[in-house]
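Trainee: Here is what each chain is made of, one letter per residue.
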Amino acid sequence: MISANERLFLIESLKNGIRQDSRKLDQLRETHIYISPEEYGYVEVSWGHTKVSVRVSAAIDKPFEDRPFEGIFSINCDISSMASQKFDNYKVGNDEVLIGRIIEKAIRRSNAVDLENLCIVAGSKVWKIQVDANFLNYDGGLIDVGSFAVMLALQHFKKPDISIEDDVVIVHDVDQRQPVPLSILHVPVCLTYSFFTPYTREQILKGDTEEIWAMDATMKEEEVRDGMLVITMNKNRELIQLSKNGGVPIDASLLVELGMKGMQEVDRLTDMMRDVLKKDEKERYERGNLKLLEVGAAR
Amino acid sequence: MSHQVETGVLSRSDGSAQLTIGSTKVITSVNGPTEPKARQELPNLASLEIVIRPAQGLPTTREKLLEDKLRSLLQTIIIRYKYPRQLIQIVVQFLSSEGKSNVFTNNELSAAINCAFYALIDANIALNYSFAAVSVSLNEGKYLKDPAWKQLSESDSHHVICFSIQDGKAEKLLLLESQGDFSEEEVFDTIAKSVAECEKVHQDQRKFIGEKIDRDFIWKA
Amino acid sequence: MVQGPMEPSLRSQANTTEATIEVNVNVANFSTFERKKRTRTEKRIVELKATLEKTFEQSVMCNLYPRTVIQVDIHVLAQDGGLLAGMTNAMTLALIDAGIAMYDYVSSVSAGLHDQTPLLDLNSLEENDMSAITIGVVGKSEKLALLMLEDKMPLDQLESVLAIAIAGSHRIQDLMDTELRRQGNIRASKMTQS
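Just so you know, the sequences run in chain order A, B and C.
Counting from 31, one number per residue, gives the positions in the first sequence under the working numbering.
Counting from 73, one number per residue, gives the positions in the second sequence under the working numbering.
Counting from -3, one number per residue, gives the positions in the third sequence under the working numbering.
Rather than coming from a laboratory, the hints here were simulated on the basis of the structure.
A couple of the hints might just be wrong.
Here are some chain C residues the structure puts well away from chain A; computed CB gaps all over 12 Å [claimed, not checked]:
(1) T51
(2) A90
(3) A161
(4) M172
Below are the BS3-like pairs computed for lysine-lysine, each with C-alpha atoms no more than 25 Å apart in a straight line [to be verified]:
(5) K121/A - K109/B
(6) K116/A - K39/C
(7) K214/B - K188/A
(8) K136/C - K158/A
(9) K109/B - K116/A
(10) K121/A - K250/A
(11) K136/B - K116/A
(12) K186/C - K121/A
(13) K265/B - K141/B
(14) K121/A - K141/B
Computed from a predicted model, the values in this text were never measured in an experiment.
All C-beta atoms in this analysis are idealised placements derived from N, C-alpha and C, irrespective of residue type, glycine included.
All chains should be modelled from the sequences, with the hints used to inform the complete structure.
Mentor: Okay, structure coming up:
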């Protein structure tokens, strides 16, 4: 809930290009990433005040009958009242469904994870990859942060190595054999644009009004916005998802412009994920003294 | 076992705490006292909404059982008549826990209880007394505090013991969860040994809260 | 099917300044080749419902009907691509037929990209094979009220696909307009006769 005065104040300052946290309109908040040093596939991402934890887990299961060659991949992102009191613990709200759907469409529907690679024995045994995203604190941008954290966790995750002997699947302990990473086909990144308008609807529909747009809105900005657009893209300049559920109409040329501009952020975020993962890999390597295990090492 | 606590970690909740004991990591948020839904409202007491969410997968009956245990404990501890017709929402989210099984929820339960204590203090909810819990396993009569999952699954019996604490002394036994193969004598012995352990946990609590108050409040100009 | 503006069934639904638009989507089991049971709570359907509600909140003059509910029931009888586009156009026509004040038409169409060629209004088979975008345009402007793309599409091709989709929507709007005027004239002439 937000008061009428605060709403006016927020919109008026946005009109002048000023945001409450002194960011620019096209600037994302600062990101802090924690990657579990012991496990594979557990990350916590803080994005401004928004905080998400994601865990990836794998188990062996029977595939769906109509898809015997494909593994099972599911993303579960319920939002509890821990994130904010506006989310009910027992009832799934409309916003919640929408957030879940958009993240799922960005990652699962776009085939970010190669499902055929998860097949062990066709028709009877496949890997079941489950992603649990928990939203711990809400300050806007759940879609962006959620999909970022899920993609980071998926790239970090490694499943135990397996071997098959006489139709029996042997799962090797992580300490015995190097676990294998998932095969990630591409890395989708979601960017949410929020639109604000100080005009009345008549003005918008009749005249040539300019919409104010801002990236990565905070909770208060989300509360006063008049429309939002989610653009999902990957590094290969591919659009994966566009989703604008009503709200103020925006100009087609603006859409193209936002898409082009967004590419920079997509590149930056993808690089950030890569760098963080590389650093983690290096630390693990040093901590585990894996150098000793290499072929050329002096023993 | 190392206890690591951090409070006030979530800005959107009235109180929150994150606790790491060994490989169990849990975060708890407390919201309240707030407006309850009509069906939750109690005319002379605060109602409690307790939700436990697992580290992996969707909540199951296992979480419901833990919720129920936590509720029965907190019901007596929170001074509920102070907040009539109000709601206190407690969400316990496990971030990592070792092994997912329906039997060995010892470490989870004791971590949830201890974490809830810090979160309730952070939310400034009135409590009758302090409380501290320990998770214990007995293997061939050997007493082990905060067992790892492997030790837990190999043990003869395992217990969660929670004491109320007044003036730094363990007073009343608030919760006792025992499972496995054990004799009456062993339980009493375990309880007696746990008194000191709970008091030790409480010393950590006092120390942490003291530091927290020094940090959070400005007493002198 | 449009009902309302009417008294809301729950006091809590009423908005003191504007009308609430409530959309119910019902997809018939026999609407696709494959007979599949669909429930109202399916995520995909909830999403469609929310999209329609939010789109029309902006183009219906909701401020004229405070404290009321406008309920729209959409039954999908057959599907052959362009589900969201069809639903949007049908809803526009139904709202106009019900005499509810709107700022302008919302016309919607789907467009796809085959290799380098943009295609307009895809059927089911085409939709399964190529990436499709659904847009909703307000009036004769280039303003997009609704936008939905679920499959991959090269960013650089977006502009050309959008161009053809917008032109398509304008054409649909013309068709809707002629049909509405024809219906209106028939009704008007009936009234003068009696």
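Trainee: Which of the listed hints are broken here?
Mentor: 1, 3, 7, 8 and 12
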